[in-house]
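Student: Single-letter residue listing:
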Amino acid sequence: MSFLEVLYFIVPSAIFYAAPLILVAIGGVFSERSGVVNIGLEGLMVIGAFIGILFNLFFADTFGNATPWLALVAAMAAALLLSLFHAVASISFRADQVVSGVAINLLAIALSIYLVQKIFDKGQTDFITERFGRYNVPFLQDIPVLGPMFFKSVYNTSILAIVIAFVAWFVIYKTPFGLRLRSVGEHPMAADTMGINVSRMRYIAVMISGALAGIGGAIYAQTISGDFGHATINGQGFMALAAMIFGKWHPLGAMGAAIFFGFAQSLSIVGPSIPYIKEIPSVFLLILPYVLTILALAGFIGRANAPKASGKPYIKGHR
Amino acid sequence: MSNRAINLLVPVVSVILGLIVGAIIMLISGFNPINGYAALWSGIFGDLYTIGETIRQITPYILAGLAVAFAFRSGLFNIGVEGQLIVGWFAAAYVGVAVELPKIIHLPLAILAAAVAGALWGFVPGLLKAKFHVHEVIVTIMMNYIALHTTNALIKTVSGGGDRTEQIFTSASLRSEFFQNMTEFSRLHFGIFIALLMVVLMWFILEKTTLGFELKAVGFNQNASEYAGMNVNKNIILAMVISGAFAGLAGAMEALGTFQYVSSKGGFTGIGFDGIAVALLGMNTPLGVIFGATLFGSLKYGALNMPNAAGIPIEIVEIVIAVIIFFVASGYIIRLFLLRAAKKKEAK
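Quick mapping for you: the protein sequence lines, in order, are chains A and B. Residue numbers for the first sequence follow the working numbering, so the first one is 1 and each next one is one higher. Residue numbers for the second sequence follow the working numbering, so the first one is 1 and each next one is one higher.
Don't read these hints as lab results, they were simulated from the structure. Accuracy of the hints is not assured; some may be wrong.
[Stated by the list, open to error] Restricting the straight-line Cα-Cα distance to at most 25 Å, the calculated cross-link-like pairs of lysine-lysine (BS3-like) are:
(1) B:K131 with B:K265
(2) B:K156 with B:K131
(3) A:K308 with A:K174
(4) B:K156 with B:K265
(5) B:K131 with B:K216
(6) A:K312 with B:K156
(7) B:K265 with A:K278
(8) B:K131 with A:K248
(9) B:K345 with A:K308
(10) A:K278 with B:K156
(11) A:K122 with B:K265
(12) B:K208 with B:K234
(13) A:K248 with A:K308
(14) A:K316 with B:K343
(15) A:K312 with A:K248
(16) A:K248 with A:K174
(17) B:K216 with A:K312
Work the whole structure out from these sequences, hints included.
Tutor: Right, dumping it as structure tokens:
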């Protein structure tokens with residue numbers, strides 16, 4: 001296998017694995033930019049994956065090809081609802097945001113497995129029949145070298161994720177809404193003085209993070225796993241969280257980090273069929289994304305990039 | 001109502017709310033909550049066997065709770081208890097199968113190995129936090145996954161390609177014939193004494209030593225502690241190391257007490273994550289952790305009886321636990337309600 005062939009093999013696979021991570025990490029960016037830490041991304045992804053699979057299984061006959069897309073909408077709505085719990089607890093009830101996020105994670109996995117038990121009478125769902133398809137992007141696929149790497153038999157969910165990353169960058173950095181969002185996360189009191197409703201901005205941000213995490217979870221379930229059980233998401237939400245930090249709380253940075261993690265994850269799966277890499281014991285490939293995250297945090301990205309008010313409840317009149 | 005009374009009432013109210021939410025979910029999904037909770041109750045206290053098993057289940061929860069609480073008291077959030085527990089479990093089991101020694105050396109050695117492994121797993125996030133200001137939450141989460149995959153690979157190596165190690169030598173076991181006879185052959189083991197001893201140890205460190213004072217001071221206000229001449233970085237690392245050692249011991253309980261071996265895992269045990277809730281419920285005090293662990297150990301073990309006795313999935317208890325954590329975290333709002341209720345009473 002030549003080097004280029006290896007790249008043709010691994011780059012599409014990396015982007016494929018990165019798509020859910022990109023969306024969830026950008027959800028995290030929105031939430032943290034407003035000053036709310038959202039460790040509950042994992043749980044929100046779980047609910048998204050569960051509702052996505054459930055919808056797909058129940059309505060595949062009715063909607064046919066459109067099912068996976070409609071399932072994304074259903075998953076988005078469900079995760080958005082769940083994220084409201086985190087919003088209420090951490091914004092209105094002044095809960096410790098990390099603890100509330102942990103509760104969301106536990107609740108999501110328990111609730112979804114409970115329902116799976118109740119509906120299917122077993123630990124996991126059936127496999128879905130309607131899946132996302134692969135496409136060749138017209139014209140772009142003809143570009144030499146890059147075309148086959150990025151634009152041949154690509155999942156449209158991957159394209160969606162990348163598009164959303166750019167939209168998120170525009171929203172956060174180029175619109176008044178984004179300016180308000182960032183000001184609320186940096187200095188809520190100053191924002192409040194300028195007439196910005198801090199609580200409302202934070203609620204909106206957490207809801208956006210829930211919606212994106214839900215879509216991410218549903219994409220993961222409908223492209224990668226194909227069914228839902230307790231181990232379906234298994235830490236993807238935390239990986240997304242790491243991607244967000246790795247990407248310096250910036251949507252495009254988060255996207256880059258997510259693609260990098262997608263690369264590391266796909267390496268452990270496609271690795272055994274690539275020369276040289278298959279010689280490496282699989283455990284090293286398995287722990288690679290986590291070790292790289294730690295190394296990146298310790299050395300490469302520098303410090304103090306987090307939004308200043310992240311993690312602190314805003315109490316009016318409190319200095 | 002005094003502040004102290006309210007502090008105690010918040011977890012109690014949270015638990016009651018959690019049980020109510022559980023009952024509502026059972027009702028909605030067509031189960032009888034009275035049957036459900038009756039099954040839970042008899043799953044915990046039904047007979048001597050279940051009582052023995054319940055206490056066995058409580059044991060690692062105490063240690064996991066101590067680990068989280070100890071870090072919390074120093075202002076650190078250790079989500080890595082799960083990973084520290086996993087490496088502790090492996091280390092203890094490895095010492096248990098690798099050599100055969102007189103019990104008086106072998107058992108302490110296996111326990112120590114677990115504590116050291118856990119401490120090492122806590123040292124990394126502690127060091128990174130102290131030296132590079134990397135948030136310990138993310139590092140500990142990553143360390144959990146590294147622990148999971150690494151121990152799985154090590155188990156494969158140690159067992160010669162299998163999924164679990166052999167049984168540990170009895171010289172490293174915490175099992176006790178006395179307990180087994182007393183509790184109709186439950187797996188209750190001596191580990192509960194180690195757990196209780198650690199509760200005392202944590203209380204002693206926090207309340208009676210300079211180290212404990214400094215750790216608490218760093219937890220309250222890093223800048224003030226720095227100004228007062230304390231070595232904040234050293235204290236952060238030390239707090240994570242001790243916390244990790246507690247978590248490693250929780251793993252030793254599983255290796256040397258309950259299971260007598262270690263097997264590769266498809267996912268996390270959950271004990272470490274529940275330790276967060278145990279610590280919160282116990283308000284991060286050593287004594288409180290015993291109560292929190294008792295509640296969680298009981299719920300977890302008792303839940304196993306629910307599918308058989310009442311046809312209700314175990315996950316309902318997981319939901320109850322999540323709701324309890326949610327309300328404990330939102331203690332502010334419960335406090336507000338309690339204070340208002342108290343004021344109304346006074347007005348009358």
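Student: For each hint, tell me whether it holds in the structure or not.
Tutor: Comparing the hints with the structure gives:
1. B:K131 with B:K265: 33 Å, violated
2. B:K156 with B:K131: 35 Å, violated
3. A:K308 with A:K174: 20 Å, holds
4. B:K156 with B:K265: 11 Å, holds
5. B:K131 with B:K216: Distance ~20 Å between K131 of chain B and K216 of chain B Cα, so the pair holds.
6. A:K312 with B:K156: 44 Å, violated
7. B:K265 with A:K278: 23 Å, holds
8. B:K131 with A:K248: Distance ~19 Å between K131 of chain B and K248 of chain A Cα, so the pair holds.
9. B:K345 with A:K308: Status violated; Cα separation ~42 Å.
10. A:K278 with B:K156: 18 Å, holds
11. A:K122 with B:K265: Roughly 20 Å separates the two Cα atoms, so the pair holds.
12. B:K208 with B:K234: Given pair K208 of chain B, K234 of chain B holds - Cα atoms ~19 Å apart, limit 25 Å.
13. A:K248 with A:K308: 13 Å, holds
14. A:K316 with B:K343: Holds - the C-alpha atoms of K343 of chain B and K316 of chain A are around 23 Å apart, at most 25 Å.
15. A:K312 with A:K248: With a Cα-Cα distance of about 19 Å, the restraint between K312 of chain A and K248 of chain A holds, given a limit of 25 Å.
16. A:K248 with A:K174: This hinted pair holds, its Cα atoms lying about 18 Å apart.
17. B:K216 with A:K312: Between K216 of chain B and K312 of chain A the Cα gap is close to 21 Å, so the pair holds against 25 Å.
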